[in-house]
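Chemist: Next come the chains, spelled out residue by residue.
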Amino acid sequence: MEYFIQQVVNGVTLGSIYGLIAIGYTMVFGIIGMVNFAHGDVFMMSTFIALIFYLVLTQILGIGSLALSLLIILILGMAITGLWNWAIERIAYRPLRGSFRLAPLISAIGVSILLSNFVQVVQGPRNKSLPPLVEGIYTFGDGIVISVKQILICTVTAVLLAVFWYLVQRTPLGRAQRACEQDRKMAALLGVDVDRTISITFVMGAALASVAGFLYVLQYGSVNFSDGFVPGVKAFTAAVLGGIGSLPGAVLGGLLIGLIEALWAGYVSSDYKDVAAFSILAITLIFMPSGLLGRPEVEKV
Amino acid sequence: MRLVPPRKGDPLLVVEHMTMRFGGLVAVSNLSFTAQAGLITALIGPNGAGKTTVFNCITGFYKPTTGRMALQTLAPQHNRDIDALTRSGRRWSAGATTPGTGGTFLLERMPDYEIAAKARVARTFQNIRLFSGMTVLENLIVAQHNKLMDASGWTVKGLLGSRVYKAAEAEAIDRARLWLQRIGLEDRADDAAGELPYGAQRRLEIARAMCTEPRLLCLDEPAAGLNPRESAELNTLLKHIRDEDGVSILLIEHDMSVVMGISDHIVVLEYGKKISDGTPEHVRNDPKVIAAYLGVEDEEEVAAAVRGDAR
Amino acid sequence: MAGKSSGGEAPGAASAPVSVLDALKGALFAALIALGLCIPMVLLRTEQDISNRLVLEPKWGLVAAIVGIVFAARLAWLMKPARQSSTKARAALTLSPGAARGLQVGGLALLALYPIFALLVVGPSGAIKWVDNFGVKILIFVMLGWGLNIVVGLAGLLDLGYVAFYAVGAYAYAIIATKVIPATAPALGPYAFWICLPIAGLLAAFWGIILGFPVLRLRGDYLAIVTLAFGEIIRLVLINWIDFSNGYAGIQTPRITFFGVPFTSLSGDERTFSDIFGLTGTPTVYRAIFLYYVILCLALLTAAVTIRLRRMPIGRAWEALREDEIACRSLGINTTNTKLTAFAIGAGFGGFAGAFFSARQGFIDPKSFEFIESATILAIVVLGGMGSLLGVAIAAIAMIGGIEILRELDWLKRIFGPDFDPALYRMLIFGLAMVLMMIWKPRGLISTREPTIFLKERRAVSGALVKEGHG
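These protein sequences, in sequence, are chains A, B and C. Under this note's numbering, the first residue of the first sequence carries the number 326, and numbering increases by one thereafter. Under this note's numbering, the first residue of the second sequence carries the number 5, and numbering increases by one thereafter. Under this note's numbering, the first residue of the third sequence carries the number 65, and numbering increases by one thereafter.
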């Protein structure tokens, strides 16, 4: 039982990270109907950005307060990653909007290859490891260990999701986004700046991915240029499982994927944990293409 | 008893108690009607009345929530077994798919492509669905796919250059050419279908459906977007299809000049329910129909419906 | 080309020259964005010091260079007089039928004579590289591109897991040749490749049907993602199922033979290809040349089958499916079977290519079957122009040849110093090229479509009318 709860805690931590990345997929898919293949690599880049800012703050500026430096890293990371995704959308996707359906997909795969190799070139191919940033654990009952960083990860995720939820549901920006999702042409006719709305969607998706990147560094303390693909596909799985286009679905899907992965690794075999994730992706798409919280699609004849 | 096909006016497609729900929305509710062999049956009604949904159910693109749709390819005296067939769980009666004989098909049990291939119900679409990147001729050849596929021995004999396949292909081209002549597009056979003007695309879609050699042709707003001259040509074409090819027609149409000009039988839908059913004369004088049409904005349509104006 | 559009790019004013001040502003904006992007990723390089601690190494010079280049490039772009209208710039290459015919014949002749040219120009020892690294490798991708073209280009089904079938073919050869044949009929050993080739193709086609059956009713990007998932599952199983595939350690496979005659003798007492034909010089050159002609034949077989299938009812049904699936169903076409045949035939050619790859390498492991391979093959098909065999071949030569050429840039070390490793930039440039080529020609190099039948004259269909499929 303790072992089970322990795995659940680990799964929720992992799931928070997947959920945050998944929102970026689901929002972009919702608004322009495109699978942004490069999103996993944007996440990977954000892990590097978080790592670098941590080093700047501690080594160059010598800020002693851990809480303050984490906050600064979080905000700067969101800004820079958002800027990256803004530029990517502007250069690689916007010129292709409304053209041949496969062109943006190939372009996104190109961006994905470009980003991972760019990071390899500028930051080197080796793993970059930090000593644990946040230490301390709580022990509950008979040996259920919850570390401070796990609590931190879940709290940051929850707070940011609340802020983000408010933005999307209650502000004119969110309304514009939902209008573009329904019908881009009509939204444009009604005075919504579609280009700007799409750009902001990319920036928001990247900002949340950068939070995930920050939490990833906190949890694992090690980053590598090739670490974008697998978390990216898993986050996409989460988005699909939750119902692509649905924001709560993305978070729910992320948590489920995290839990399944942790439990699979804990009880079955850690060798095949990625196979489990990919199998869920395939099974969901085959048997439940609209996901858990998505709207079913009626074929138009 | 010798098997005979239905004569003109015998029931061909019998729809009984059809209901179609999308989630909470009831698009078609307990609809029953009959389309007769050798006649043109029109399905009319205001926008959103559920006409296209009925079409999609008949052609298998949607499965109706409940209801039976029996296509009878034999004269009524042979068709006493429909209830037995329904209970048997089969999709069609014995011999129904054998050429030269016939039987009863239960369309609600068949997938869309099988309805086209076996029951031989062809259709067109409200928003034209041509293969726009293929030529006009290719569109008509693809329509004869199943026949050619058999002749090509599932591609194997075709790849080996079998004479049977070559003959079948030549025959398919002849049929296509014949239809191109009938719709006046022979000169444009080698142009992409997407390049044709709108009216020609509508005609080509009808010709493509006819190349499948159907017994029932379902047309979803064939006159939409046509000018009066093209509408008149369409009337002639449809009458020819009915009288010369002996193909029964079921059509959805808003253009009352087409509906009143060529229909033998009209079924009127409103909010998914049938409100009138009968000859054009009967329908145009039905107060329920007049009331339903007064509810729509298009004044011309109302006037046409009420006066029965056949322009 | 980075940066936001400045006033001069507004619609209607597209061809008017941009004022110098506006252009400067635009370029400055782009440079600022570039600066923002470079901090921190480029400016601060993380390195491990002696005590394994991460330290930051500032790269001011590099950042200044990047920002400067972006500024200059953007300025030049904005100042470019009289911009071409975008529709014209994006129109695809159109070839007259005569020119296309000439290109085909010339191309075929060139392909057939290429190894001989290579031998004459650089001699036997230099020829290995040109025949094997360039010729054979490019032709493998031409064949894979043509195989995937059946699925993506003709039937309009987006398959991101094509490499799975390539892997099935490669492992089929490896396992049959190293385990099954020695255990059952060792005498057949020298003919292993020729026995395994058809089996590998059939197995891959079989897997195509197995994987295709549940997924082919999905549409659009969903199909792409499921095929990606299947591709990854097969790769992960190959990594983890050690008993079957030997995992990361891989499998040594027997080399290809000249219809039973080996090129190099393992035991020393067999008669080799060189002995029989009385040839001198390194035997591996002859093997490379033989491999070249084998893959050339396989690739041409793929092309020939594709060309003939297009004129069959099944091929026309594939293209009709790409144009409009619903209309196909309304005409009585069983779309599931039609999709499955496209998937299976495409997979079968992938399997052939895989068996060949396995025999050429002499060794396979799961690293050769990563997602990047699927992405590369798909990019070749899309960039070539979906459905166009010639376009796909040109795209394969450009992309794979381009990557291989980038290996040859060691002389750059003399300019940038010995620390500069050009190989690192290969995939960077590859990714960038994919993006730029899509922006340049979203519909591919040759987007016109040849009709499969005609009444009076064969007229190519403009690419703008050809649909890309939804499944």
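No lab work stands behind these hints: they were computed from the structure. We treat Cβ as the ideally placed atom computed from N, Cα and C, and that holds for glycine. There's no promise every hint is true.
[As the list claims (entries may be wrong)] Taking lysine-lysine pairs in the PhoX-like style, the calculated list, with each CA pair at most 25 Å apart, reads:
{"hint": "1", "chain 1": "A", "residue 1": "LYS598", "chain 2": "C", "residue 2": "LYS520"}
{"hint": "2", "chain 1": "B", "residue 1": "LYS151", "chain 2": "C", "residue 2": "LYS520"}
{"hint": "3", "chain 1": "C", "residue 1": "LYS520", "chain 2": "B", "residue 2": "LYS170"}
[Said to hold, decoys possible] Using C-beta positions, here's what the derived DEER-type ranges look like:
{"hint": "4", "chain 1": "C", "residue 1": "LYS144", "chain 2": "A", "residue 2": "ARG451", "range": "57 to 65 Å"}
{"hint": "5", "chain 1": "A", "residue 1": "GLU460", "chain 2": "C", "residue 2": "PHE277", "range": "19 to 27 Å"}
{"hint": "6", "chain 1": "A", "residue 1": "TYR545", "chain 2": "C", "residue 2": "PRO246", "range": "31 to 39 Å"}
{"hint": "7", "chain 1": "C", "residue 1": "GLY162", "chain 2": "A", "residue 2": "ILE608", "range": "18 to 26 Å"}
{"hint": "8", "chain 1": "A", "residue 1": "MET613", "chain 2": "B", "residue 2": "HIS21", "range": "54 to 62 Å"}
{"hint": "9", "chain 1": "B", "residue 1": "PHE26", "chain 2": "C", "residue 2": "TRP258", "range": "29 to 37 Å"}
{"hint": "10", "chain 1": "B", "residue 1": "ASP85", "chain 2": "C", "residue 2": "PHE518", "range": "22 to 30 Å"}
{"hint": "11", "chain 1": "C", "residue 1": "ALA163", "chain 2": "A", "residue 2": "LEU617", "range": "32 to 40 Å"}
{"hint": "12", "chain 1": "C", "residue 1": "ARG335", "chain 2": "A", "residue 2": "PHE612", "range": "46 to 54 Å"}
{"hint": "13", "chain 1": "A", "residue 1": "TYR592", "chain 2": "B", "residue 2": "PRO115", "range": "39 to 47 Å"}
[As the list claims (entries may be wrong)] Simulated coverage check for chain B against chain C, where a stretch passes if three residues somewhere in it have a Cβ under 8 Å from a Cβ of chain C:
{"hint": "14", "segment": "68-82"}
{"hint": "15", "segment": "102-109"}
{"hint": "16", "segment": "232-242"}
{"hint": "17", "segment": "255-268"}
Chemist: Please write out, lowest number first, the hints stated earlier that are contradicted by the structure.
Modeler: Failing hints, ascending: 1, 4, 5, 6, 7, 8, 9, 10, 11, 12, 14, 15, 16, 17.
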